[in-house]
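Protein chains in written order, with UniProt numbering: chain A, 1 to 456; chain B, 1 to 456; chain C, 1 to 456.
There may be inaccurate statements among the hints.
Which copy is meant is left open, so a pair is good if it fits within one copy or across any two.
[To be verified] Derived BS3-like pairs (lysine-lysine); straight-line CA-CA distance at most 27 Å: (1) LYS192 <-> LYS282; (2) LYS192 <-> LYS331; (3) LYS233 <-> LYS116; (4) LYS94 <-> LYS282; (5) LYS331 <-> LYS265; (6) LYS331 <-> LYS245; (7) LYS331 <-> LYS282; (8) LYS204 <-> LYS394; (9) LYS423 <-> LYS394.
The hints are simulated quantities; they were obtained by calculation from the structure and are not laboratory data. All figures in this text were calculated on a predicted structure; none of them were measured in a lab.
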Amino acid sequence: MMRARVPLLLLLGILFLASLSVSFGIVHREHHESREEVSVSSGKNNPFYFNSDRWFRTLYRNEWGHIRVLQRFDQRSKQMQNLENYRVVEFQSKPNTLLLPHHADADFLLVVLSGKAVLTLVNPDGRDSNILEQGHAQKIPAGTTFFLVNPDDNENLRIIKLAVPVNNPHRFQDFFLSSTEAQQSYLQGFSKNILEASFDSDIKEINRVLFGEEGQQQQGQESQQEGVIVELKREQIRELIRHAKSNSKKALSSQNEPFNLRNQKPVYSNRFGRLHEITPEKNPQLRDLDVFLSSVDIKEGGLLMPNYNSKAIVILVVNEGEANIELVGLKEQQQQQQEENWEVHRYSAELSEDDVFVIPAAYPVAINATSNMNFLAFGINAENNQRNFLAGEKDNVISEIPTEVLDLAFPAPGEKVVKLINKQSLSYFVDAQPQQKEERSKGRKGPLSSILDTLY
Amino acid sequence: MMRARVPLLLLLGILFLASLSVSFGIVHREHHESREEVSVSSGKNNPFYFNSDRWFRTLYRNEWGHIRVLQRFDQRSKQMQNLENYRVVEFQSKPNTLLLPHHADADFLLVVLSGKAVLTLVNPDGRDSNILEQGHAQKIPAGTTFFLVNPDDNENLRIIKLAVPVNNPHRFQDFFLSSTEAQQSYLQGFSKNILEASFDSDIKEINRVLFGEEGQQQQGQESQQEGVIVELKREQIRELIRHAKSNSKKALSSQNEPFNLRNQKPVYSNRFGRLHEITPEKNPQLRDLDVFLSSVDIKEGGLLMPNYNSKAIVILVVNEGEANIELVGLKEQQQQQQEENWEVHRYSAELSEDDVFVIPAAYPVAINATSNMNFLAFGINAENNQRNFLAGEKDNVISEIPTEVLDLAFPAPGEKVVKLINKQSLSYFVDAQPQQKEERSKGRKGPLSSILDTLY
Amino acid sequence: MMRARVPLLLLLGILFLASLSVSFGIVHREHHESREEVSVSSGKNNPFYFNSDRWFRTLYRNEWGHIRVLQRFDQRSKQMQNLENYRVVEFQSKPNTLLLPHHADADFLLVVLSGKAVLTLVNPDGRDSNILEQGHAQKIPAGTTFFLVNPDDNENLRIIKLAVPVNNPHRFQDFFLSSTEAQQSYLQGFSKNILEASFDSDIKEINRVLFGEEGQQQQGQESQQEGVIVELKREQIRELIRHAKSNSKKALSSQNEPFNLRNQKPVYSNRFGRLHEITPEKNPQLRDLDVFLSSVDIKEGGLLMPNYNSKAIVILVVNEGEANIELVGLKEQQQQQQEENWEVHRYSAELSEDDVFVIPAAYPVAINATSNMNFLAFGINAENNQRNFLAGEKDNVISEIPTEVLDLAFPAPGEKVVKLINKQSLSYFVDAQPQQKEERSKGRKGPLSSILDTLY
């Protein structure tokens, strides 16, 4: 009996591996018209796509909100191994709530996706309170104690944090100051003697005031909070907001203050979309992290044209709306005579709210909005990054190649290639279905498109 | 027979793994008075504690001294993975001895724990000799040939080096210039032809002068040293000391000279203890390594109050005396519904001479001296690090949190919390057993405590 | 049957491991004259030696040239683990050829070994074309589209690139703009809809102009190139060269232009050899990469004397000629009582054209040219690196050690050691067989050596 078990386990293992390679390895091949076929990975076979429902792990959740962390990038695919020091955290809280004071062993770059926040950083020599709105960002240096209020009466607060852990490349922990039913205060980790000497008080008094005595809750007098996100009364919010600074007027900021991604002139803008961006060269908080931050709006039916980042690895977070994304990479293919062959491979996904997508440096990408959409992008390794467009009038790297080389590289004569490349007169954002739209717009120009034209 | 062996080996493996999880997994739970219980790891179950007897590996040892290296931090626990590029080396030598000339493929930050040293760095364009005493530190850049004299007639020399290897994250090697019975000269690695051409001499002459001929020792004429630490005569020491510069007067220093940790004003000081510190901002040698260096004295019965470093990972080395240390971390606990729960966990240890303890960034820590004690601390990732105290009058981060938030966070009303936090009127260092001391001091004020009062 | 297979497989595995340890573990011991024996690794047992035929992997090859990449350094030996972010690429092309436009997810430092190149970098806002000759170097930033012409009518172009990947420590990929029979255009990875919208054209037109229609080749009209290296006509070269800048006159350069390793005064030079070097301190492109670049010529029978780099890890590439290299390291030997013993170990190799050899920081090395030879060296971690010679008159670190210490370190009295060290009156490069040469030159001074004397 025992002798048989081992081969059986091995056999099961082999079957399990085989089934894995089936479930993860399925790619289909697309063969449109006269072109060569291209292999495509989509949905869960696409390692750059992190579906919000599947790839976030909940750290805390109660009726007032939640904190979730995205799985490690480097564990998903070796092609993202240089993201191993970065994690993505999502936080949501209901109106009139407080995330209790805590600190973490990671630097955070916090961005407000929607709603309003009062963020207070506490240092041994004082505190700094700021009101942040959609598109505002602020660095929270590692080890800084902070708390976060959603002061709004109606709107949920949604926040994304890029985390750069300190003690370990990919793990970090939140140290909460006070005890709740879900969570112990880190002060509770110290022994009676140390607490008594530190607070110059009897342990009974310390327990009563800081940790809550046993049997307290039965008496209903003083009680622990249920979790780390708690409800606030309006008077409490008013008090907390009183000393906070409003930052709605500032575009770029000094060392320690929030900065506003959207209050500046967009880098690219037309009636199909616009891109706001702050680079490390422009902001000291981003320079410390070597990160750029972008916010991109694309109108329904708009296309962010094919482009690639020269050296930045982009972590894209969908704030609202939906889009199809196509990322082009190369897939290794072992050949007979030891030589390798790299085949073009498309990684596609249908993005929706809170999904995350990684765009490696130098990989071409295009995004087609299927509804009005907005996404946020963290660009890692951002200093001196250059965005290269592959179509459109401006910043088009192909149009800078001399005709003689285009002539040699492409099957058609150089002048035909130049004509094709220069045909598109728009830049950055275009209509994803120009033929159909023309037909539609021949019929009538509806009120929505008029409004859009006004906005941009 | 053979068929049976494989399952048996597997079974033994499983039993071995099970026994490991028992021997490393034991933690006890402390349940004092009314507070919730806290899990505790102490002694060898505490991965942050490196007992001197157990975790140092001897590289060289003879009757005149020894060189030991601490095991890798990252192999002990993932919580210290970002220390993977750092090693700790301990060196001790008897009075009137010399550590022979050598170089290594690592940057060293050398600190004298006790005794006196003459450190000579040799470069192709000259040499630089300095006298170092307790608390003096100096960077030895990778590849620099150096030798080290203990010029004292009575006292042992004790040195700690932080090593940052160059070729490999965690390995480095010492290349000795001359041959001893324990060790070959690296020059001996070259072939006859290369040595003859390089020294423009016959190999017999080279062997005689540099490596020692076979049969030499029988003749008793010219002989190899027994090991890399050798005895010196007083005249030899006098000669070597003649050109050395004394650095006892300098506090901070220029690029290439030793600097004195203890000749400056302490950052914190009272009658229970004091802390000297030099940060990267103040010293170019430390800036290169992004390390801070501290020396902390605590009087018997004194307590360094609970505090955490915002971003520095601290490697603490006990120079003399004994203490209890409590470090507070979080321990992951898998729960039913995929959600995680982080439980507060205490890592405690009884520290004595030459023990090493790692304090990860953001982890609260408190140290209670059970005898007069001194320790040295290397702070890794030190630039802009901030020490946050959790009790005491000054630099207390909790006292900067607004009353309304304390009110919400803690079970007692805000004003009671504020009163508790502000009760301790001392800062940084306090009496670890105030009640007992008061009782004792009511009896009589002894001569020892009077002396201590005078010293601080 | 099935029960037997598992132990058999295990047994085969054990035999395989045993055979590996035999084939890789063989070292012989050299015992010359009176000195202690030294263990030696040579040929394929030497992990620092990368034979050109064995360790390069071909990425592309056709009748006009090839691209090859060296295996990973960190996979060969842990002693080179800190080279894990670096790869070496070799490119060769025949006269009158073009390497088609592409970009990669890696920074490149390109050096011309022999021949002439026109290197054109293309950015969204323009292009920059330069003529590079032997010893010219230029950084190609990650993500920059470039193409490379060999404009010469007769000579092959040989190039070495140091690659520093962006998305993953050790992998990078080349993205080609156009399709060939061997390779798809990355544009082909996008779907029909995105291509049509981006180029504002019908997919049939796009296929015809950019990718080549099926059945095209039968018709023989417009056709794809066979591979990524293509032949050029002289008129095409003349056109491409017209706007290129010649850099033959420049020694050091501004941010984005090629710089010439050999147009400066050599750092060391005599009749046996010379060394040109550009350090990060002198060139912004090298400062970005923290790399130094050297070109070393050694005459047949010349010896680059024993020396070590204080902190730079050197990747040596043989450009032409042959030499014997000896590298001295330490080999760990486990001893009985847990103490370790480090034995001197020689890593030797016979180098010839296109071979690669790694010299770890702090490891002594000597190179003996067996024909006139030239090699190129990339020094990684180069800032403030110091080269320490171990023999010869200048930059000799041993001659800076005080006599009293030499006296204690070596078996012979100090003055004898000093006499031996100072006997060699040349520096850096010497005659590898002085005795034999003297005898020979007594006979007659031949025409070759006269020419050599004139050259240096």
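Okay, the hints, checked on the actual structure:
1. LYS192 <-> LYS282: The answer is neither: 50 Å in one copy and 38 Å across copies each exceed 27 Å.
2. LYS192 <-> LYS331: between (60 Å within a copy, 20 Å between copies)
3. LYS233 <-> LYS116: Within. Shortest intra-copy distance 16 Å satisfies the 27 Å Cα cut-off; inter-copy 65 Å does not.
4. LYS94 <-> LYS282: neither (33 Å within a copy, 46 Å between copies)
5. LYS331 <-> LYS265: neither (39 Å within a copy, 47 Å between copies)
6. LYS331 <-> LYS245: Neither: 51 Å inside a copy, 37 Å across copies.
7. LYS331 <-> LYS282: Classified as neither: same-chain Cα gap 37 Å, cross-chain 40 Å, threshold 27 Å.
8. LYS204 <-> LYS394: This pair counts as between: shortest inter-copy Cα distance 25 Å, intra-copy 71 Å.
9. LYS423 <-> LYS394: Within one copy only: 12 Å inside a chain, 66 Å across chains, cut-off 27 Å.
Checked against the numbered hints given earlier, the structure breaks hints 1, 4, 5, 6, 7 and satisfies all the rest.
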